[in-house]
Amino acid sequence: MTPSVDAREREALEKIERVRNMPPRFRDEQITMAHGAGGRATASLIGGLFVPAFASASLALQDDAGRIQLDGLGLALTTDSFVVRPLRFPGGSIGELAVNGTVNDLAVAGARPAALTLSLVLEEGLSSDTLRAEVDAIARAAKAAGVEIIAGDTKVVERGHADGMYICTTGLGRIDPRAQLSPASIRPGDRVLVSGRIGDHGVAIMLARGEFDLDATIESDTRSLWPAVDALLDAAGSSLRCMRDATRGGVASVLNELARSSNVAMIVHEARVPVHPAVSGACELLGIDPMYVANEGKLVAVVAPDAAERALSALRAVRGCEDAAEIGEVREEPPGMVLVHTAFGGRRVMDLLVGDPLPRIC
Amino acid sequence: MKFVDEFRNAELGRSVSQQIGALVDPTHHYKIMEVCGGHTHTIYRYGVSDLLPPNVELVHGPGCPVCVIPMGRIDDAIAVARTPNVIFTCFGDMMRVPGSSGTLLEAKAEGADVRMVYSPLDALRIAKQSPDREVVFFAVGFETTAPSTALTLMRARAEGIRNFFCFCNHVTIIPPLRALLESPDLRLDGFIGPGHVCTIVGARPFEFIPAEYGKPVVISGFEPLDMLYSVYMILRQLSDGRCEVENQYTRVVPYDGNPQAFRVLSEVFELRPHFEWRGLGFISQSGLKLSDAYRDFDAELRYTVPGVRIADPKACQCGEVLKGVIKPWECKVFGTACTPEHPIGTCMVSAEGACAAYYNFGRITREREAV
Numbered sequence: 001m002t003p004s005v006d007a008r009e010r011e012a013l014e015k016i017e018r019v020r021n022m023p024p025r026f027r028d029e030q031i032t033m034a035h036g037a038g039g040r041a042t043a044s045l046i047g048g049l050f051v052p053a054f055a056s057a058s059l060a061l062q063d064d065a066g067r068i069q070l071d072g073l074g075l076a077l078t079t080d081s082f083v084v085r086p087l088r089f090p091g092g093s094i095g096e097l098a099v100n101g102t103v104n105d106l107a108v109a110g111a112r113p114a115a116l117t118l119s120l121v122l123e124e125g126l127s128s129d130t131l132r133a134e135v136d137a138i139a140r141a142a143k144a145a146g147v148e149i150i151a152g153d154t155k156v157v158e159r160g161h162a163d164g165m166y167i168c169t170t171g172l173g174r175i176d177p178r179a180q181l182s183p184a185s186i187r188p189g190d191r192v193l194v195s196g197r198i199g200d201h202g203v204a205i206m207l208a209r210g211e212f213d214l215d216a217t218i219e220s221d222t223r224s225l226w227p228a229v230d231a232l233l234d235a236a237g238s239s240l241r242c243m244r245d246a247t248r249g250g251v252a253s254v255l256n257e258l259a260r261s262s263n264v265a266m267i268v269h270e271a272r273v274p275v276h277p278a279v280s281g282a283c284e285l286l287g288i289d290p291m292y293v294a295n296e297g298k299l300v301a302v303v304a305p306d307a308a309e310r311a312l313s314a315l316r317a318v319r320g321c322e323d324a325a326e327i328g329e330v331r332e333e334p335p336g337m338v339l340v341h342t343a344f345g346g347r348r349v350m351d352l353l354v355g356d357p358l359p360r361i362c
Numbered sequence: 363m364k365f366v367d368e369f370r371n372a373e374l375g376r377s378v379s380q381q382i383g384a385l386v387d388p389t390h391h392y393k394i395m396e397v398c399g400g401h402t403h404t405i406y407r408y409g410v411s412d413l414l415p416p417n418v419e420l421v422h423g424p425g426c427p428v429c430v431i432p433m434g435r436i437d438d439a440i441a442v443a444r445t446p447n448v449i450f451t452c453f454g455d456m457m458r459v460p461g462s463s464g465t466l467l468e469a470k471a472e473g474a475d476v477r478m479v480y481s482p483l484d485a486l487r488i489a490k491q492s493p494d495r496e497v498v499f500f501a502v503g504f505e506t507t508a509p510s511t512a513l514t515l516m517r518a519r520a521e522g523i524r525n526f527f528c529f530c531n532h533v534t535i536i537p538p539l540r541a542l543l544e545s546p547d548l549r550l551d552g553f554i555g556p557g558h559v560c561t562i563v564g565a566r567p568f569e570f571i572p573a574e575y576g577k578p579v580v581i582s583g584f585e586p587l588d589m590l591y592s593v594y595m596i597l598r599q600l601s602d603g604r605c606e607v608e609n610q611y612t613r614v615v616p617y618d619g620n621p622q623a624f625r626v627l628s629e630v631f632e633l634r635p636h637f638e639w640r641g642l643g644f645i646s647q648s649g650l651k652l653s654d655a656y657r658d659f660d661a662e663l664r665y666t667v668p669g670v671r672i673a674d675p676k677a678c679q680c681g682e683v684l685k686g687v688i689k690p691w692e693c694k695v696f697g698t699a700c701t702p703e704h705p706i707g708t709c710m711v712s713a714e715g716a717c718a719a720y721y722n723f724g725r726i727t728r729e730r731e732a733v
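These protein sequence lines are chains A and B, in that order. For what it's worth, the working numbering labels the leading residue of the first sequence as 1, then goes sequentially. For what it's worth, the working numbering labels the leading residue of the second sequence as 363, then goes sequentially.
Pulled out of the complex, with its shape left as it was, chain B reads as follows (with noise of 0.2 Å):
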């Protein structure tokens, strides 16, 4: 694929390899974290990790928004998707989280009717087709997805139409960093920050990190190049003793994000007083919800459900896993009550996870290790 392959060129990334090769300092340890899931996605699809020196480590961060839902929410969303005459629609990923008692997947087994779509869109083309239905939308994601969440909502609106309602769990990403950061028991040297957040908040937010926390970040692209090439220049910032935010994704992301959907977020949303992430716990204004001009769709409000906070199990450790604090292995329950069929916590639970990945990968990892 043309625009996609230059960005996958093996000879080029052996360069880039060889340059970051000579740039660490051998005696140190690198903790880099990739805050978005679809940048672990990359470096597990690509194997971006075997061309770093075995001392740069990538640690995998917060920003898989499948994986941050917390069991409560998807046992509301169970609830919802059991209401009679309800065509509960998800995106396909979402299907397999667990709650306290069961996924989406096996809800609709047990006769509830959900359904995979690929955008807010299709949920609200499903809403115009069975009008005698009411049709929710589960809408979870980053800044990345909330927008086309809040066009199908304005669309929905313009047109009048009546039987269409959003489950909104959109989340934003700077409150669960700034958590991170604050964590006392943190060993991070930099940031790869999220691209695709980037083209709507633009790279502008993330100045706090080097200034208040004095961490560099580097916004990437989602290639393996664009990810290598992001840790080579968080490295060169180490190397030079500069700390500051750098957009590597500069074909898609501008610096000051995208006004237009600014706009339409803070029409249709507003920030929640604090929203629980599986994991971490409740962050302040870190999720969102729709705001009163949209209320007529707002599912939490149209649906009686449980509401009820589930704990995370007590022997998950996915926090400190998180925090990059400990290793994924270093976690009780890793691998015997913990596994990707039957997961427990948020880093078992999507493949991008950094349990899910350890279990399947940390065999290879170790290889290169020992090499």
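Isolated chain A, as found in the complex (with noise of 0.2 Å):
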């Protein structure tokens, strides 16, 4: 390669690296479904609208929670809607993702949850059936997490306005003594852990809808993760530098915005993601990258590496994280970047989503 070819290739490269380190501009003429995709469109979203609109340091650092002092009382305060059809799938219902998301954003928060606040949108028609046996799982998931539902609020819309019924949590939670977590304190050499299986709840999901005739008995994975949180703080207290709950987007996505918002590389052997088999397979039928499923019951941490080895074995203690796994470690180069050592040994890159991940023709 000539030298001016190849500076020229260079500065192709760098220009691309300056139009995706801009801020994001929220430009679109309307909302369209990538918006809550968790990928590229809602991180536009985020940086490009509310987060200018509101100017919060707290909002900025787009953790799962925010967090406030309060009379020298560290707290943690998260809000999520919930918005899944059908409302029962295998392993669990629309109730108990609306309890267990909102702790586990607190929890990987490094906050213990405390109190929740519940709000109901309920379609007309909605069976009162239906009704009793979510709020009968939000209250069995209420009382498997330790929090008290303090508050809420009930509102109900016309027919075709809601799918049945929409929940909305608010969650808050007492941060931690042993926890200091902050993706700023990740540094290259790190090692990254996953709390189990992962892509199990996504694809339970997409299963359950019958949209595709495949019969897989895989079940959502919906469940507290403060008991794998406290484990992770009583192992490595501050070695533990950042956690992430890996819901909408999977764990792709979560490694992606701390590769971003810590620039660092993540490094991930694909090899040692652990997949349930009957994921994997749907995932392969599908084109569908597990990696990008959604989780309700998982979560990504960072270690340091002389902790990573006490916070697995902790971690693997736990119900429900017997498969936790370390996938990789963080480097420095590239910065901002997620790279994947395939099981076949070459290597990829794995991005933010620019969309939904839409099923492949071919």
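Fair warning: there could be bad hints in the mix.
[Unchecked claim] Distance condition first, Cα-Cα at most 20 Å in a straight line; then the derived EDC-like pairs of lysine to aspartate or glutamate:
#	chain 1	residue 1	chain 2	residue 2
1	B	Lys689	A	Glu14
2	B	Lys694	A	Glu11
3	B	Lys470	A	Glu11
4	B	Lys470	A	Glu14
5	B	Lys694	A	Glu17
6	B	Lys393	A	Asp163
7	B	Lys689	A	Glu9
8	B	Lys393	A	Glu14
9	A	Lys155	A	Asp129
[What the hints assert, rightly or not] Facing chain B, according to a computed beta carbon distance under 10 Å, are these residues of chain A, among others:
#	residue
10	Arg8
11	Glu11
12	Ile16
13	Gly160
14	Ala162
15	Val273
16	Pro274
17	Val340
18	His341
19	Thr342
20	Arg347
It is worth saying that the hints were derived from the structure and are not from the lab. C-beta: ideal position from N, C-alpha, C; glycine also.
Hints in hand, dock the two standalone chains.
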């Protein structure tokens, strides 16, 4: 390659980097489903519209929960809406998701969940039995997670305006004194852990919708992550750099967010990523990568290298985290990117999704 | 997964990689085109290029059925989707492809009833479930997917379903390959043949490539080991001084294709005189339309569509990229006006397009070259 060509290519690549690193702008004319998919479009909405509008330092960090100091007491606050079809699916239901999702956002921020609020948007014509079943599910999940539901609200909308029911929960938690979590503390050499097999929830939902004639017994992994966080904090303390709840957008999106916000590279060894064989089979057929599929009870943790082994065995001792694994490490180069070493022996970039993970035609 | 994992075995991959290394002439820069978008996907999904010597380059060909649909046809699809009482069904990755003013995903956001399906039979099922609506299936794809559209239409006719229509954009693989080979500035050493298309058409239709253009063809499977071995087979032909069609994908591809599929195709479809390809322009006898026997199902006859040809944007050099004449980064709009979020040309539309791939992976490719 002649030097001039080389220089021009470098220039082109630098141009891409500049465009990539520009602060996100929200320029779309209308909201599409992609804005809710957790990929690039979602990032443009948050970074280009919400964060600048509200000018909050805590919001700008874009953590799973916001932190606030009240009279010397460290608190975490978070909120989440749940819209899922069907309402019940193997392994759980919208009610459990509504509790565990918010509890988990608090947990990965290092906060012990204390209290929740519950807002219900009910569709005219929803059967009372369905509602009762979800209220029971909410109560059970709250009890299991050790949180109290202390306030609530109910709205009813006309038929056709909600898929049966939507739920919004807000959670308050107390930041654990053992937790010193911040993506800024991530260093090259740190290890990346996941708390179990990935992709179960998203695939369970896809199959429960009955759009594919696939028979597989895959259950949602919805559960409280606080026991896992508790174990990690005990084992690793301040060596635990940062955690994320790998929900919408999956492990891939979480790693991309961390790589960008900490300006490091995340290296993933594909062969070490735990995936249930039925999940990888379903993903294979649908042309979807399990790394982008939603979880509802899996966290990604970044841990200092000397504490990684300790953290991993502590995690594996927690119920539901038996398959936890160290899937990769943090490196300096190339900053802001997630690189996968494939099981076949090659490499690929695992970028943010541009839109919804749409199945490929061939 | 049994019978799949064997074809993703890293140890076997390394061994083929070494054999390839021993075979190449270090002074020659090899360019091999994989025709099919599914192959491009495998290359990136598994990092196959990392197992090739730096002087063996894989060039991504025109075989992504989503990327090749021209803007005007997308506009037509959107016009049909916006027709009152229509349920418009299509494959997922078609929904993001831009026409001259927006995508099907955007039309959906504006109120059109656009639904994602996984097979034309799903669309037919929707038609049966919604007898008071008109259901249109956006048929795209090469010979691989055309038989399933054909069978669906045959079933619709047999069952007397009157509210099901097909907007046909099926294309055939040989004409664009010939167009590519006719191009004077083309520089390729061989072709990795599209295994799935060949399950239908067989390997025989590719014989003109070695016979008339002197380039080896190896029909390949879609697992990383399949592809690596197909590269080896092409390099082997080159080093032996042979030039022929070989079939690596013997576990699936019969040399003479699938006669039953041919029958179905010829009953339901006929060749269009010409069809436009994004980035390549008009190519004679490269597209399929519904035959006269199936005209009652033809969405192009049923609905008024703009039918306007929208020229590919001037600055876009997808044609040259497809032929391997220029690299993606040499295109004037690459990475600035044309990005994966706001693609201009075909090569940026699907993640499998050459430009989108380079946009996302160029950096590690360079790293590899530096080593």
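Outcome of the hint check:
1. B/Lys689 / A/Glu14: Given that 20 Å is the threshold and the Cα spacing comes to 16 Å, the pair holds.
2. B/Lys694 / A/Glu11: Satisfied, since the Cα-Cα distance of roughly 12 Å is no more than 20 Å.
3. B/Lys470 / A/Glu11: 39 Å, violated
4. B/Lys470 / A/Glu14: Distance of about 36 Å is beyond 20 Å: violated.
5. B/Lys694 / A/Glu17: Satisfied, since the Cα-Cα distance of roughly 16 Å is no more than 20 Å.
6. B/Lys393 / A/Asp163: 53 Å, violated
7. B/Lys689 / A/Glu9: 9 Å, holds
8. B/Lys393 / A/Glu14: With Cα atoms ~26 Å apart, lysine 393 of chain B and glutamate 14 of chain A exceed 20 Å; violated.
9. A/Lys155 / A/Asp129: Between lysine 155 of chain A and aspartate 129 of chain A the Cα gap is close to 18 Å, so the pair holds against 20 Å.
10. Arg8: Holds. Min distance 8 Å.
11. Glu11: Since chain B brings a Cβ to about 9 Å from glutamate 11 of chain A, closer than 10 Å, the hint holds.
12. Ile16: 4 Å, holds
13. Gly160: 14 Å, violated
14. Ala162: 18 Å, violated
15. Val273: Cβ of valine 273 of chain A sits 14 Å from chain B, so the hint is violated.
16. Pro274: 15 Å, violated
17. Val340: With Cβ-Cβ at 8 Å, under 10 Å, it holds.
18. His341: 8 Å, holds
19. Thr342: Result: holds, 5 Å to nearest chain B Cβ.
20. Arg347: Since chain B brings a Cβ to about 4 Å from arginine 347 of chain A, closer than 10 Å, the hint holds.
Going through the hint list in order, the structure does not satisfy hints 3, 4, 6, 8, 13, 14, 15 and 16.
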